[in-house]
Amino acid sequence: MANEIAALPVREAGNNFYHQSTNKHTGILSWLLTKDHKRIGLMYMIAIMTFFVVGMIIGLLMRLELIAPGRTIMNAQTYNTLFTLHGVIMIFLFIIPGLPAIFGNFFLPIQIGAADVAFPRLNLLSWYIYIIGAILVLVSLFLPGGPIDTGWTFYIPYSVRSTTNVSMALFAAFVLGFSSILTGINFVTTVHRLRAPGMGFFKMPLFVWATYATAWIQIIATPVVAITILLVIIERAFGVGIFDPALGGDPILFQHMFWIYSHPAVYIMILPAMGVVSEIIPTFSRRTIFGYKQIAYSSLAIAFIGYLVWAHHMFTSGMSDTARWIFSLLTFIVALPSGVKIFNWVATMYKGSIDPQAPFLWVMNFIFLFSIGGLTGLVLGSLATDIHVHDTYFVVAHFHYVMFGGTGTIFFAALHYWFPKMFGKMYNKKFANAAVALFFIGFNMLFFSKIYYGLYGNAEKIL
Amino acid sequence: MGPAPTTHVESVDFVMLYIIGISVVLLLGITATMIYFVFKYNRKKGHQPVDIHGNMWLEVIWIVIPTLLVLSMFYFGYTSFREIREIPSNPYIVKVTARMWQFSFEYKNGKKADTLYVPVNTAIGLEMQSMDVNHAFYIPAFRIKEDIIHGKTTHLYFTPKQVGDYDVACAEYCGLNHSAMYTKVKVLHDNDFYKWLERPGVPLTKIQTNN
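Just so you know, the protein sequences line up as chains A and B, in that order. To convert, note that position 272 of the first sequence is 273 in our numbering; the numbers rise steadily by one, no gaps. To convert, note that position 66 of the second sequence is 90 in our numbering; the numbers rise steadily by one, no gaps.
Be careful, since some hints might not be right.
[To be verified] Here are the simulated SDA-like pairs of lysine to any residue, each with C-alpha atoms no more than 25 Å apart in a straight line:
(1) B/K68 with A/N24
(2) B/K68 with A/N366
(3) A/K426 with A/F369
(4) B/K219 with B/Q72
[To be verified] Here are some of the chain B residues that sit facing chain A, going by a computed Cβ distance under 8 Å:
(5) V94
(6) S113
(7) N114
(8) R167
(9) T178
(10) T207
No wet-lab data here; the hints were simulated from the structure. The structure displayed is predicted, hence computed values, not measured ones. Note that CB positions come from ideal geometry on N, CA and C, so glycine has one too.
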C-alpha cells in the first residue's frame with residue numbers, strides 16, 4: 002500500500018512534498034524511516050483505515066447474527082468476543098487516532114506554517130507504537146484462551162474472572178495509549194512553538210484550535226487509563242485486591258478510573274471532527290466563519306468540562322445519590338458548548354454562497370446525525386430517564402449517532418475535503434455524492450431503530 | 025397501553041416526553057434552517073457572499089436559552105429520580121441474589137423463589153447482592169434499574185399499582201449467558217401473595233391468581 006502511494010504521479014513539484022523521499026532511502030524504507038509529518042500521516046491513514054474495515058466487518062457479522070432470533074451464524078461466546086473486538090478496534094484503533102493522527106499530522110503543521118511537527122522522530126515512534134499495539138490486539142486473538150470477551154469497558158470483576166486473553170488485549174490498549182500521549186505532546190509543542198511569525202492564537206485555523214484542545218486531553222487523560230489498565234493486569238496476575246471485591250477491592254473504583262479517561266476520550270474523538278466542520282462550512286459557503294472566538298473557546302470549554310462528567314456512565318452503579326445529581330448537572334453543562342458550535346456553524350451558511358459539494362454534504366449529514374446524538378444525550382444526562390435507558394440499545398444508538406454519525410461522518414468529510422491536497426487529484430464527484438446518500442439511509446436504518454429498542458427496555462449486549 | 029404500573033412510570037415518561045419533545049423541535053429547527061440556507065444562498069443563484077464575523081446578541085441568546093432548557097431537564101430528571109431513591113416507610117423487603125446467570129429471591133419467612141412475587145399496592149424494597157460479577161436488576165415496565173455489585177448491597181424501591189407479570193432483565197453484561205438472564209416480577213393481590221408465601225410446598229407455577 003505504501004508503495005502505491007509513493008508511486009502516484011507527482012503533480013506538485015514542491016521541494017518539500019512527500020512524494021520525494023526526505024531521507025537517504027528509496028522505496029518502502031523511505032516511508033518506514035521517514036520523519037516527514039505528511040508521510041507519517043499517510044502511513045497512519047493506511048493502518049487506521051485497514052482497522053476500520055476490520056471493525057466494520059465485525060459489526061456486519063454481529064448484525065447478521067441478530068437478523069433472526071436464536072443462533073443464526075455463531076454461538077454466544079463468539080458473539081461476546083465480537084462485540085468486544087468491534088469496540089476495541091473501532092475505539093482504540095480507528096476513532097481515537099483517526100482524525101488527529103491522519104489529518105492532524107498532515108495539516109496541523111501546514112495550517113500554522115511550520116515545516117514539520119516539533120518532534121518528528123517522536124512522531125515516527127508514535128506510529129510504530131500504534132502498529133505494535135495493533136499487532137498485540139491481533140496476537141491476543143490467536144493465543145490459547147481465545148479472544149477477549151469482556152466488552153470494551155473491561156468491567157471488573159468479570160475482566161478478572163474471564164479466562165480469555167484479557168491481559169494481552171489490555172496491554173495492547175496500554176501500548177496504544179502511549180501513541181496517543183506522544184502525539185498529544187507533539188501537537189501541543191508544535192502549536193506553542195512553531196506558529197509562523199505573526200500568527201497569534203486567535204489567528205489560528207479552527208481545526209488547529211480543535212486539535213490543540215484534543216492534544217491536551219490526550220496528554221492529561223490517557224495516563225489515567227494506562228494506570229488503570231496496568232492495575233487490572235496486575236490484579237489478574239497477582240490478585241492484589243485493588244478492584245476485585247472477592248479480595249477486598251472495589252469494582253466501583255475501577256469504573257471511576259476507567260471513565261475518568263474514557264469519557265474525555267469521547268472528546269478526543271469528536272473535537273478534531275468539530276475542527277474539520279469549522280473548516281469545511283466556510284470554504285463551501287465562501288465566507289468567513291460565524292463566531293470564531295466562540296467556536297475556539299467552546300473547544301477549550303468542552304475539553305475542560307469534559308473532565309468533570311465521567312460518572313454519568315455510572316448513574317445505576319450504586320454510587321451515592323449526591324454524586325449522581327452533581328454529575329447529572331455537570332453533564333447538562335457540557336452539552337452547551339457543543340450547542341454553541343452547531344448554532345454558529347448553521348449561522349455560517351447565512352448569506353454565504355453555498356456550493357454543496359461532497360465534503361459539505363457530509364457536513365450536513367453530520368449536523369443532522371450529531372444533533373440526534375447530542376439530543377439523545379440529554380435523555381441520558383437526566384437522572385430518571387437515564388436510569389430507565391442506561392445499558393439498553395438507547396445508549397448504543399446515542400453512542401453511534403455521536404461517534405459514527407459525528408466523528409465517522411467527518412472522517413469521510415475530511416477525506417474528501419483534503420483528498421485533492423493530499424493526492425494531487427480530484428475524487429469522483431458522482432461516487433462521492435452517491436456515497437453520502439447511501440450512508441445517510443443506511444445509518445439511520447441501522448441506528449434510529451435502536452433508539453426505539455432502548456426506549457422499550459431492551460438491554461444491550463444481548464444475543 | 026393500560027394504566028401505569030407504578031406512579032414513578034408516569035413521572036419518568038413525562039420527563040422523557042419533555043426532553044424528547046424539546047429535542048425534536050431543536051433538531052427540526054436546526055435541520056430546516058440549514059436546508060433552507062443551502063437553497064436560499066445556493067451559489068447557483070449568484071449571490072455575493074457577505075462576511076459576517078458574529079453577533080454578540082445571537083451568541084448570548086443561544087447560550088442562555090439552551091442553558092435554561094437543560095437546567096429544567098436536569099430539574100425534572102432529578103425530582104423524578106428522588107421518588108425512587110426516597111426510602112418508603114416500612115417497605116416489604118425481599119433479598120435478591122444475582123449470580124451467573126440467574127436471579128433468586130428470598131423472603132422474610134425464608135421462602136425462596138426464582139421469580140419475584142410481590143403484593144400489589146405495597147412498597148417493596150429489594151436488597152440486592154451479587155455472588156460473582158456485576159449484574160443489574162432492570163424492570164423496564166417500572167423504569168427502574170440498579171447494578172448489583174459483589175461485596176456491597178444495593179437497593180431498589182417500587183410500589184406496584186397494577187396486578188400483572190413484568191419482565192426483569194439483567195442489564196449489566198455478565199458473560200456467556202447474560203443474554204438469557206431474565207426473570208419475571210409477578211404482582212399479585214394481597215391474599216394471593218400471602219397464600220403463595222405461606223405454602224412452601226406448592227410449586228410456584230401452580231398458584232392461581234385473580235387477574
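Taking the hints in turn, this is what the structure says about them:
| no. | hint | in the structure |
| --- | --- | --- |
| 1 | B/K68 with A/N24 | 47 Å, violated |
| 2 | B/K68 with A/N366 | 21 Å, holds |
| 3 | A/K426 with A/F369 | 29 Å, violated |
| 4 | B/K219 with B/Q72 | 82 Å, violated |
| 5 | V94 | 4 Å, holds |
| 6 | S113 | 18 Å, violated |
| 7 | N114 | 21 Å, violated |
| 8 | R167 | 4 Å, holds |
| 9 | T178 | 4 Å, holds |
| 10 | T207 | 13 Å, violated |
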